[in-house]
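Engineer: For the protein sequence lines, the chains are A and S, in the order given.
Heads up: the first sequence begins at -4 in the numbering used here, then just goes up one per residue.
Heads up: the second sequence begins at 15 in the numbering used here, then just goes up one per residue.
Treat the hints with caution; some may be incorrect.
With a straight-line Cα cutoff of 27 Å, these simulated DSS-like cross-link-like pairs (lysine-lysine) come out [to be verified]:
| # | chain 1 | residue 1 | chain 2 | residue 2 |
| --- | --- | --- | --- | --- |
| 1 | S | 68 | S | 129 |
| 2 | S | 68 | A | -1 |
| 3 | S | 96 | A | -1 |
For each label pair, taking beta carbons as the anchor points, the in silico distance ranges come out as [unchecked claim]:
| # | chain 1 | residue 1 | chain 2 | residue 2 | range |
| --- | --- | --- | --- | --- | --- |
| 4 | A | 247 | S | 29 | 17 to 27 Å |
| 5 | A | 13 | S | 80 | 47 to 57 Å |
| 6 | A | 9 | S | 29 | 42 to 52 Å |
Hints listed in this document are in silico derivations from the structure and should not be mistaken for laboratory results.
Model, not experiment: these values are computed from the prediction.
The beta carbon of each residue, even a glycine, is placed where N, CA and C say it ideally should be.
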Amino acid sequence: MYFKMVSGSIIRRRSRMVVAFLAVAIGATILSGLITIYYDIPRQMGQEFRSYGANMILVPEADGAEADGVLTDDTVRQVRGCLDAEELVGMAPYKYEIIKINEQPFMAAGTDLAEAKKTSPYWYVTGNWPVRPDEALIGKEISNAIRIVPGDRFEISGTDANGGIFTAAFQVSGVVETGGSEEAFVFMAGQALFDIIKEPVSYDVVECSVSASSARLGEIRDMIEANTAGVSPRLVQKITQSEGTVLTKLQALVYLVTLVVLVLTMICVATTMMAVVTERRKEIGLRKALGASNGSIIAEFFGEAIFIGILGGILGVVLGYFFAQFVGSNVFGRDISMRPLLIPATLLVSVLITALACIIPVRRATDVDPAVVLKGE
Amino acid sequence: MDLLEIKGISKIYGEVKALLDVDLNVKQGEWLAVMGPSGSGKTTLMNIIGCMDKPTSGSVILDGTDIAGESARSLTAIRRDKIGLIFQQFHLINYLTALENVMVAQYYHSMPDEKEALDALGRVGLAGRAKHLPSQLSGGEQQRVCIARALINYPTLILADEPTGNLDEANEQIVIDILGKLHEEGSTIVVVTHDAEVAEVAERTVVLEHGRIARIIQNEGHADRKEKP
Chain A
-4 MYFKMVSGSI
6 IRRRSRMVVA
16 FLAVAIGATI
26 LSGLITIYYD
36 IPRQMGQEFR
46 SYGANMILVP
56 EADGAEADGV
66 LTDDTVRQVR
76 GCLDAEELVG
86 MAPYKYEIIK
96 INEQPFMAAG
106 TDLAEAKKTS
116 PYWYVTGNWP
126 VRPDEALIGK
136 EISNAIRIVP
146 GDRFEISGTD
156 ANGGIFTAAF
166 QVSGVVETGG
176 SEEAFVFMAG
186 QALFDIIKEP
196 VSYDVVECSV
206 SASSARLGEI
216 RDMIEANTAG
226 VSPRLVQKIT
236 QSEGTVLTKL
246 QALVYLVTLV
256 VLVLTMICVA
266 TTMMAVVTER
276 RKEIGLRKAL
286 GASNGSIIAE
296 FFGEAIFIGI
306 LGGILGVVLG
316 YFFAQFVGSN
326 VFGRDISMRP
336 LLIPATLLVS
346 VLITALACII
356 PVRRATDVDP
366 AVVLKGE
Chain S
15 MDLLEIKGIS
25 KIYGEVKALL
35 DVDLNVKQGE
45 WLAVMGPSGS
55 GKTTLMNIIG
65 CMDKPTSGSV
75 ILDGTDIAGE
85 SARSLTAIRR
95 DKIGLIFQQF
105 HLINYLTALE
115 NVMVAQYYHS
125 MPDEKEALDA
135 LGRVGLAGRA
145 KHLPSQLSGG
155 EQQRVCIARA
165 LINYPTLILA
175 DEPTGNLDEA
185 NEQIVIDILG
195 KLHEEGSTIV
205 VVTHDAEVAE
215 VAERTVVLEH
225 GRIARIIQNE
235 GHADRKEKP
C-alpha cells in the first residue's frame, strides 16, 4: 500500500516530479563527473606537467673533498629500480665537456638521446634527433654563431682526460630551440663523448621526469637517498611547486563548483517539493483526518524523495561518466579513469541531498491542519 | 448510554465566538442531525467532535475519554480508531482506485485487507466498481466510496459533513438509505446538513444559531421512515 501510494503520487504529479528528478539527475551528473575529474586531475595534470621537463635531478653526492659520489650507468640503473615504471616518464644522464668549434668555446653534452627526448618534450628540433654516433643536435645559438644547419658537418676539438688534444667530426642532424641555455649546447650520444674524451662513464647530472604529486616526489627523493649510495637527488622546485599550486587551485575550483551545483539542486528539489506540498494540502489533510500520524506523512514524502533521489542518482552516474570522458578528451586529450566507488557514493549523496531538500516541505506537510478537509467549498 | 457528552463547550477565535456554552449528548446508536445557517458554528462543532480541534473551554467526552485535554497525537489516534468521516467533497485520492481509497483508511488504522475493503464497497453497492478511479465514478458513487472508507475500521461514531450536499436527488436518497441501514445496524451517526429533508430522517435535529443551540427537534420523519417496510 505504501509503495502504491508513493509511486501513484509520483506518477500522478509526473510533470512536477520530472523537474525534481531532472534537478537531482543534473546534480548527480555534475557530482559524479566532477569528482571523477577531481581525483583524476593529479594524474592528468602530472602528465601535462611532464612536458615542462625534468622535475628531479640527481647529482653526485658531495661528501667532503675526499669521497665525492659518482654517477655511472650502474647508478642510473639502481635509481631506475627504485621507481615505478608507470611513474617514470624519462631519465637522461648528462656528461658535460667544454669543446671548441671553429676555435669558439661551447659546451658538449653527452646523453641518452632517447631518454632526453622523453624528459624534455618541449624541445623544438628542426631536422632530426641524432641516430648515428657521429650525429649531433646543436643548439640554435651555435647554429647562428657558426652558421651550420642540419646536414652540415663540423669538427669539435678539446683536451681529453690524458691531457692530449682530441678532434672529432660530426654531422648536424638537427637544431634545437628551447628558449633556454640548451641552445648553446651540442648534444650527442653519451658513449660517443666518453670515447672522444677518453674518460670512463661518469655523469655530471641525471635529469628525471617523474609523473607524481609533489608529496610522492618527496617520498621518491627520500627513497633514492636512502637506497643509492653516492647520489644526491634534488627536486626541481619551480616545476614541482607550480604543479602543486595548479593542482590545489584546480581541485579547489572543482570542489567549489560541485558544492554550488549541489546547493542549486537542493534548492530546486526543495522548491518543487514545496509546490507539491501546497498542491497536496487537501490530500495531506485528508490523510491526517483518516488518522495518519505525522510519521506516516513524513515516511510518504521521504519515500517519494528517496525514490526520486535513487532514480536521479542512477541517471547521474551514467551521464556523469560521459561528462567526465567529454571533459577528459576535450581538456586533457585523454580518457579519464572511472572510480567504481563513485557509483554508490553518488547514489547516496543524491538520496541525502533530496532528503535534505525535503526537510522544510515535509515539515510544512506535517503542519497541515486536518480540519482543512472539513471546511468544504 | 451516552457515547458523546459535550458539556459547556465554547470556541473563541480572537473576537469571534464560534461556539458558546454548548451542551449536547449523543446516545450510543443514535442518529443526530446538526443544522444551522452559515456561521452558526456547525463546522466548529464538527471539528471538535471529529477530534480535529479543541474547545477553548468545556469538555467533550467521547466513549469515556475527554478529548478536550488530549494531545494532537492522541487526537489522531482517537480519530483513527473511533471516528468514520464522510465529507461533502468526498475527498477521494484521485490516483488510487475505489478499492485502494478504502484500503488507505485500513493502512493508517492497522493493516490493509483487500477482501474486507471489497466487502465494505459491497455494502454500499460498489463491489463492481472497485477498480475504478474516482474520475471514472459519478458523484453519488464517489460519496458511496467515501462512506465505505468511513465504515471500514468499524468506527464508534460516524461523522458526516453535508453528505448529500453535492448530490442529485436520486443519489441523495441512496446515501440516506445507506446511512439509515447503518443506523439500523447500530451505528451512531452525527450528520451536519443544510438540507431539512436529510435532517428529518435523523432521530433528533440540533439547530445551531450564533454558536448556541437554538432548539432540539425530535423528528417524526425518522419514526415514519422506520415504519416503512
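Engineer: The structure should be examined with respect to each hint, and the outcome stated for every one.
Structural biologist: Quick rundown of the hints versus the structure:
1. Simply put, residue 68 of chain S and residue 129 of chain S have alpha-carbon atoms about 36 Å apart, too far for the 27 Å limit, and the pair is violated.
2. For the proposed pair residue 68 of chain S and residue -1 of chain A, the alpha carbon gap of about 34 Å is over 27 Å, so the pair is violated.
3. Proximity of residue 96 of chain S to residue -1 of chain A is assessed by CA-CA distance (about 26 Å); at most 27 Å being required, the pair is judged to hold.
4. A beta carbon spacing of about 60 Å between residue 247 of chain A and residue 29 of chain S contradicts the range 17 to 27 Å that was offered as a hint.
5. Take residue 13 of chain A and residue 80 of chain S: their Cβ atoms lie about 49 Å apart, and the range 47 to 57 Å holds.
6. The supplied range of 42 to 52 Å is met by residue 9 of chain A and residue 29 of chain S, whose beta-carbon atoms lie about 46 Å from each other.
Comparing the model with each numbered hint stated earlier shows that hints 1, 2 and 4 do not hold.
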